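Build the full structure now, drawing on both the sequences and the hints.
Residue numbers (my numbering), protein chains in the order written: chain A, 1 to 336; chain B, 1001 to 1419.
Hints were generated in silico from the structure; no laboratory data involved.
Some hints here could point you the wrong way.
In the DSBU-like style, the derived pairs of lysine-lysine whose C-alpha atoms are separated by at most 30 Å in a straight line are [what the hints assert, rightly or not]:
id: 1; chain 1: B; residue 1: Lys1149; chain 2: B; residue 2: Lys1225
id: 2; chain 1: B; residue 1: Lys1225; chain 2: B; residue 2: Lys1210
id: 3; chain 1: B; residue 1: Lys1262; chain 2: B; residue 2: Lys1225
id: 4; chain 1: B; residue 1: Lys1210; chain 2: A; residue 2: Lys184
id: 5; chain 1: B; residue 1: Lys1210; chain 2: A; residue 2: Lys7
id: 6; chain 1: A; residue 1: Lys181; chain 2: B; residue 2: Lys1262
In this text the structure is predicted, and so the values were computed from the model without any measurement.
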Amino acid sequence: MGSRNAKILIGLVVLCLVGGGVYVAIAATGPSPTETNVRPVATEVLARTDLLVRAVDPKKPTLNGGVYELDDGKLRHDGDLSCERVYYAAGHGICMGVAPSGVDYTATIFNDRLEGEATISLNGLPSRARVSADGRYGAMTVFVTGDSYLASSTAFSTRTYVVDMASGNVLAQLEEFEVSKDGKPFDSVDFNFWGMTFDPADSDRFYATLGTGDHHYLVEGDIAAREMRVLRDGVECPSLSPDGSRIAFKARIPGTNRWRLRVLDLATLEEHPVVERRSIDDQVEWLDEDTLAYSDGVDVFTVPADGSGEPEVLVRDATSPVRLSAPLASAGEQRG
Amino acid sequence: MYQVEASKALLKPRLWFRRPESLRVSRNVLMLGFTSMLTDISSEMVATILPLYLVFSLGASPLALGAIDGTYRGAAAVVQVLAGFASDRWRRHKQVAESGYGLSAFSKVALVAAGNSIGGIGAIVAFDRIGKGIRTAPRDALISLSSTKDNLATSFGVHRALDSAGAMLGPLVSFGILLAAPARFDAVFVVSTLFAFLGLAVLVLTVQGKPWRAPREGAPPSLRKAAGLLRDPRFSLLLIAAVVLSMASVSDALIYVGLQRKIDFEPAVFPLLYVVTAVVFMALAIPVGRLADRVGRVPVLLGGFALLFVVYAALMLNSLGYFGLIISLAALGGYFAASEGVLTAIAGAVLPEDLQASGIGILITVVSIGNLVSSLAFGALWLAIGLQQAVIVFVVALAAALAVAAPLLLRAQRSAQYG
Chain A
1 MGSRNAKILI GLVVLCLVGG GVYVAIAATG PSPTETNVRP VATEVLARTD LLVRAVDPKK
61 PTLNGGVYEL DDGKLRHDGD LSCERVYYAA GHGICMGVAP SGVDYTATIF NDRLEGEATI
121 SLNGLPSRAR VSADGRYGAM TVFVTGDSYL ASSTAFSTRT YVVDMASGNV LAQLEEFEVS
181 KDGKPFDSVD FNFWGMTFDP ADSDRFYATL GTGDHHYLVE GDIAAREMRV LRDGVECPSL
241 SPDGSRIAFK ARIPGTNRWR LRVLDLATLE EHPVVERRSI DDQVEWLDED TLAYSDGVDV
301 FTVPADGSGE PEVLVRDATS PVRLSAPLAS AGEQRG
Chain B
1001 MYQVEASKAL LKPRLWFRRP ESLRVSRNVL MLGFTSMLTD ISSEMVATIL PLYLVFSLGA
1061 SPLALGAIDG TYRGAAAVVQ VLAGFASDRW RRHKQVAESG YGLSAFSKVA LVAAGNSIGG
1121 IGAIVAFDRI GKGIRTAPRD ALISLSSTKD NLATSFGVHR ALDSAGAMLG PLVSFGILLA
1181 APARFDAVFV VSTLFAFLGL AVLVLTVQGK PWRAPREGAP PSLRKAAGLL RDPRFSLLLI
1241 AAVVLSMASV SDALIYVGLQ RKIDFEPAVF PLLYVVTAVV FMALAIPVGR LADRVGRVPV
1301 LLGGFALLFV VYAALMLNSL GYFGLIISLA ALGGYFAASE GVLTAIAGAV LPEDLQASGI
1361 GILITVVSIG NLVSSLAFGA LWLAIGLQQA VIVFVVALAA ALAVAAPLLL RAQRSAQYG
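Now the structure itself:
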């Protein structure tokens, strides 16, 4: 190395250290996009008081959105709970989002005062969250993307975890369960599971999606027995109705990453579309026996489950709608 | 200047080793290692945060990531052979490597300037990978040409250790920046760009571009002569052995998927699988290279592939405790250290001086095709007969591959030494 080249190199190293350091320092002292204490502009809200949503201010997009309770047509934001995907039932909730570092993902297990009680580190992007009606089990789906070490990025995949909501411990990963199809064991390296939904009458029983090859199977499973069986193809992100008789799901338009919402009757195995003409990538929530709620990624909509009517906006600038079967403790205190 | 030199005295009194003339690596190799380290820091900084950035800042569907990952892979393979031949033809390995490192560095600038559409990011990532494809063969040829016959594997070991150190440091740098400045992805991109240009600067300013020992005479190698490598008895033996071995080795990605099914643990532990393997790889790359130069590269390479038996055994067990997991990850790291770099060193010894980059380009491409075949076969077997049976098939295949490859490699190397 000529001494001239060595000097140039040392100069460049110093320049880069100073330049990079200054840039990071300025970024570190500036406003952070992860702060979530901004109220969303909820322009249209139906007068319901039984809903929890994740909402953001569209003018100040943030990584995580605040968790809001609908209260007499207004959104109320109590506490600091913020995330990408939320679900709640019977005193136990899951809030999956970006960790404060901005580089990791965590799930917060929260109580009926929207207070965090436990956190679970996630190894991928939050996707779906569910809690069984009795509050016993939670389900979380994450997208696991290329692992960067050794440039050996694994193919894109999903993982679904079952959580014991009382302790906040991960009980199982669905890939550990035995799967059967037509009465025979069924396994493949490309198995991916996503979108669990729990039986309202028996929280050990669940439905979920098994993706393998070009197939997206509806599977029926049992947590205690750690097994699943394939029911039928073409069903993603199932959601059981409150009476457990029907499944709302997204049906892929073949060969695309676009979906239509449909409803399957479990007794007759007949299915029908709902009146939503856009592609929806969400796990639907049943507001009651007749009404579905879902997000198009921007707003929360409702549509009748029987295929009649038209979609209507329920909450602007919100995602992740959750039906509350009882008011939250915090809301009750403040109203009382 | 480098610790290998300083610690050489410690290793002297080993009677069963052939005393090599020199185990020092040249400054060129060291500087190429630092170039790769800085470039890898830059690339891995971005790779670590790209999914998060795409989904949360750009609102992209995670499914779009799968498509981007696909472009990653196809793009690099095509240009490897061409870039290798071009650098031999023009006798400008350094300049071709510079263009590859430069392309990747400028793709980082594009990320800072215009990285707000998913299509744009896909294109930028593809350019980064094409840059990687361009630089690999001429860079490995430079390492080989900057080494003596006695320290070839050590040179590749030093380079691979620095390279994997960069891959380990990159995510940590990103993490550090985002810890200080939450969610400021622009800061990560800016710092990544600086690392990329520093890597390029080390290459441009410190690497000697024409390290060959004898002055080059006669016409530059023609395409016909490069294609003739495939008929060269020594190199074709090596290629056959490399294909056979790569087809019998399950890809690391599938190994991780398999291992994850054998153990019950918190999802947060998963990234540690890669960390443990990478640390072992980094720590062993240089000692394994030295060992290969002393006791012979072929036995070390075969030993490295034999370590896969340990990993396969772990995949066949019903469940794996933490101890078993550590053993199998260590074996996997040892396999990394004793396989790719040592194989390239063997190729460096076998190939004629004026066709080093062409030959290495062909070798890399052939190995990646072999890996693709093994991945498809392993996936199909897993589906058809289950994981355990699929692993049994691969145990048999690996044993057969080692039996086939050993005589081929020994013959290829013997004729390299005496022919």
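Structure-based check of each hint:
1. Distance hint between Lys1149(B) and Lys1225(B) is fulfilled; the C-alpha atoms sit about 23 Å from each other, no more than 30 Å.
2. Taken as a hint, the Lys1225(B) and Lys1210(B) pair is honoured in the structure, with Cα atoms around 21 Å apart against an allowance of 30 Å.
3. Simply put, Lys1262(B) and Lys1225(B) have alpha-carbon atoms about 50 Å apart, too far for the 30 Å limit, and the pair is violated.
4. Between Lys1210(B) and Lys184(A), the direct Cα distance comes to roughly 64 Å. Violation of the 30 Å bound is thereby established for this hinted pair.
5. With a C-alpha separation of about 22 Å, the suggested pairing of Lys1210(B) with Lys7(A) holds against the 30 Å cut-off.
6. Proximity of Lys181(A) to Lys1262(B) is assessed by CA-CA distance (about 22 Å); at most 30 Å being required, the pair is judged to hold.
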